[in-house]
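Novice: Chain by chain, the residues run as shown.
2 protein chains.
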Amino acid sequence: MTKTPVRLPVKDRFHLPEGMIYLDGNSLGPLPRGVDEALRTAAVDQWGAHLIKGWNVDGWMAQPARVGDKIAALIGAPAGCVTMGDTLSIKVYQALAAGLNLNPDRKVILTDSGNFPSDIYMAEGLIKHLGQGHELRIVAPEDVSDAMTRDVAVAMITQVDYRTGQMHDMQAVSDAGHDAGAVMLWDLAHSAGAVPVNVEASGCAFAVGCSYKYLNGGPGAPAFIYVRPDLIPKIDPALSGWLGHDAPFAFEPSYRPAVGIERMRVGTPPVLQLSALEKALEAWDDVDMQELRLASLELSELFIAQVEARCPDLQLASPRNGAERGSQVSFSHPEGYAIVQALIAQDVIGDFRAPNIMRFGFTPLYLDEADVIRATEILEHVMNDRLWDRPEFKITRRVT
Amino acid sequence: MTKTPVRLPVKDRFHLPEGMIYLDGNSLGPLPRGVDEALRTAAVDQWGAHLIKGWNVDGWMAQPARVGDKIAALIGAPAGCVTMGDTLSIKVYQALAAGLNLNPDRKVILTDSGNFPSDIYMAEGLIKHLGQGHELRIVAPEDVSDAMTRDVAVAMITQVDYRTGQMHDMQAVSDAGHDAGAVMLWDLAHSAGAVPVNVEASGCAFAVGCSYKYLNGGPGAPAFIYVRPDLIPKIDPALSGWLGHDAPFAFEPSYRPAVGIERMRVGTPPVLQLSALEKALEAWDDVDMQELRLASLELSELFIAQVEARCPDLQLASPRNGAERGSQVSFSHPEGYAIVQALIAQDVIGDFRAPNIMRFGFTPLYLDEADVIRATEILEHVMNDRLWDRPEFKITRRVT
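Protein chains in written order, with my numbering: chain A, 45 to 444; chain B, 45 to 444.
So that you can see chain A by itself, here it is in the shape it has in the complex (with noise of 0.2 Å):
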């Protein structure tokens, strides 16, 4: 290729640590500038200076709506359709609880095997709770169109694989379940902020995801929720908690919706957290998600070619067509936990999903030709040499 590669001028906006070539931004984004003043701001001259008065004069019982916007934005949502708090868990149970209620009828949950475990643990809790016969049904990624049969009450689908990147096809998997009469339910968790999407277009009910992946919040960023505009009134909170009341300061005795989106709001919204991802998210200024797609699918098929050239033992595990792919790359091999350690000991950080996955982000937020060359060669080296080859880097106790 001789085309000029596509460039977002925006490195500068994150502290990167000098040396580190950072490819785990699927896991946890970095610290973008001006996080760490945001904070100090909100602890020092709003918490401490004000203290109770700053839910007022600071702006803190608007802040899910306000940051929910910017991430409506950033995902293809109308203004006032999305509000952010808890975790994408939490969320997850909200949505399944609603689309439960909406689709009164048919108790299937489907999802598929590629889902982020979490999700499916949260609707087998809510099943087993209910009590009302419901099934989780998990079909492979590729019969997900196939198995929307019309006893699915809602269909739990996580857009990108969090393993392999493998992506669906958002508006066809969620024609197929609209076709069907169900209810769509998205976990954008590896989607925003790394893919183009189109929630409004897509017609879905229910979206979430979280903010410390792409969306560079923090670790333990509150996670968002979206609800397609005309369901919001139908919407009966599982959790239904004071912050998603009408009227949360009248204390009144017995739970009545929010109008809006904030009736998905459950408890006090954490304003620390909220305040590092709203400054967080100001890196988005000006980034176009078309432009930053193409220039993710760019260093993405770079990694790719460079590994494959340099790194005959390792298989590809993600789809080779990046139109099928988000913005990660996985390889696999059976030694891949200890080469992610060597990896991480040369200071090129990629993760490890179990059995043999080797995960590596690119986003072009803060990456570019430059860094993925730097970090195939680094990789050729860790097979060449067999760095990984060191009992340092085979205990497999790992926690991210």
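Since the hints were made in silico from the structure, they are not lab data.
Treat the hints with care, since some could be wrong.
Claimed, not checked - In silico BS3-like links for lysine-lysine, alpha-carbon gap of 25 Å or less: (1) B:K97 - A:K55; (2) A:K172 - B:K278; (3) B:K97 - A:K172; (4) A:K97 - B:K55; (5) B:K172 - B:K151; (6) B:K172 - A:K172; (7) A:K172 - A:K151; (8) B:K438 - A:K97; (9) B:K278 - A:K438; (10) B:K172 - A:K151; (11) B:K151 - B:K55; (12) B:K172 - A:K278; (13) A:K55 - A:K151.
Claimed, not checked - Over the 12 Å line for every Cβ pair with chain A, so calculated as not near, a few chain B residues: (14) K97; (15) A224; (16) P277; (17) L338; (18) E352.
Where is the CB? At the ideal position from N, CA and C, for every residue including glycine.
Keeping the supplied structure of chain A fixed, place chain B upon it in accordance with the hints.
Specialist: Showing chain B alone in chain A's frame:
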């Protein structure tokens, strides 16, 4: 009284704005010293420098247990029985759902009308979604022990009434509940850090609470949940998220609860909030809860005596008997909202709860007699000179 007042020499552990008398620690505690630096460490030296490795090298994954143990020590719980995360409303839901499962032949959730509305709302949502004919029975606070009939599955009681500060006798109510075969669930939002609590002695199954009031964890600080050790293995979590799994990073296809209290975890912990809270809890080092209680009673009684002497129009809305009161004192007045606003304008920070309650929290960690007397002088001035009788104080919009 001529005895020497009890003083806790820890006021310098907090940032308090010059001139402000802060009587709202029952709503949001002030900024403890060192929290700003702890946030900076978490953001810059951990997240910024270590990125994904922070989960291991900075101990983020163990933070909910580490912080939970610190809170356990403040509520009379053994180590290893408290974990952190989510919001109080979510923790109420978890405990309620688990409690109903522990008592499957009963259908009643008992609570009292002094409970915080969100607890009641969460119970409403749970009951509605379960659709299994459960009943939420709400009695007057003084009738709680008598209402422990043999159909009560779970008794969900907030120890200290958020409006009046009225405090239940945790042991007596627990004993009554256990005699009737009820599962006891205590909400300690206004107890933890406010009064001595002995969760273990009470024999209760569950205790939950927030950490942003008397524990000073900051706006949106995460909640805690305690489960009685012998019951932990019997809990089948409704909110069965991956971090409550026995092996979260094995990514098993089906949920299998962790052996210990970790099964009450749900999603990714809020590392930044937890880092603030972990530092904030150091303010409790060497603080004796019995001494704190004595000092809190002295301050509260001084306040009551001064207000009643200076402001005859204000009616005490809290129990006069200190033993029946938490660490707050409430007065009522038809113009309570405006009076609180006028006080705030004079830098005496209390808060208001509909319809006519003015709340004042007293924590000896950062308040002393001089503060209390000064606050009552200003209150007297507000009342005598009708400073509250201005249009700007009568706007009924309020958020806190």
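Novice: Next step is simple, just say for each hint if it's right about the structure.
Specialist: Hint-by-hint comparison with the structure:
For the given pair, K97 (chain B) sits about 21 Å from K55 (chain A) by alpha-carbon distance, which is consistent with the 25 Å threshold. Between K172 (chain A) and K278 (chain B), the direct Cα distance comes to roughly 15 Å. Compliance with the 25 Å bound is thereby established for this hinted pair. Under the criterion of a C-alpha separation no larger than 25 Å, the hint pairing K97 (chain B) with K172 (chain A) is inconsistent with the structure, at around 35 Å. For the given pair, K97 (chain A) sits about 21 Å from K55 (chain B) by alpha-carbon distance, which is consistent with the 25 Å threshold.
Note on K172 (chain B) and K151 (chain B): the hinted pairing holds, with a Cα-Cα distance of about 13 Å set against a maximum of 25 Å. For the proposed pair K172 (chain B) and K172 (chain A), the alpha carbon gap of about 16 Å is at most 25 Å, so the pair holds. Only pairs whose Cα atoms come within 25 Å are accepted, and K172 (chain A) paired with K151 (chain A) is accepted, the gap being roughly 13 Å. Proximity of K438 (chain B) to K97 (chain A) is assessed by CA-CA distance (about 17 Å); at most 25 Å being required, the pair is judged to hold.
Restraint check: the Cα-Cα separation between K278 (chain B) and K438 (chain A) comes to about 35 Å, which exceeds 25 Å; the hinted pair is violated. The straight-line distance between the Cα atoms of K172 (chain B) and K151 (chain A) is roughly 17 Å, inside the 25 Å bound, and the hint therefore holds. The suggested pairing of K151 (chain B) with K55 (chain B) is violated, with an alpha-carbon distance near 48 Å, which exceeds 25 Å. A threshold of 25 Å between alpha carbons decides the hint, and for K172 (chain B) with K278 (chain A) the separation of about 15 Å falls inside it, so the pair holds.
Among the hinted pairs, K55 (chain A) with K151 (chain A) is inconsistent with the structure: their alpha-carbon atoms are about 48 Å apart, more than 25 Å. Not every beta carbon of chain A lies more than 12 Å from that of K97 (chain B), the smallest distance being close to 7 Å; the non-interface claim is violated. Distance to chain A confirms A224 (chain B) as a non-interface residue, since its nearest Cβ pair spans about 24 Å, more than 12 Å. A cut-off of 12 Å between C-beta atoms confirms that P277 (chain B) is not in contact with chain A; the least separation is 17 Å.
Listed as a non-interface residue, L338 (chain B) keeps its Cβ farther than 12 Å from every Cβ of chain A; the least gap is roughly 25 Å. No beta-carbon of chain A is positioned within 12 Å of the beta-carbon of E352 (chain B); the least distance is around 25 Å.
Of the numbered hints stated above, those contradicted by the structure are hints 3, 9, 11, 13, 14, listed in ascending order.
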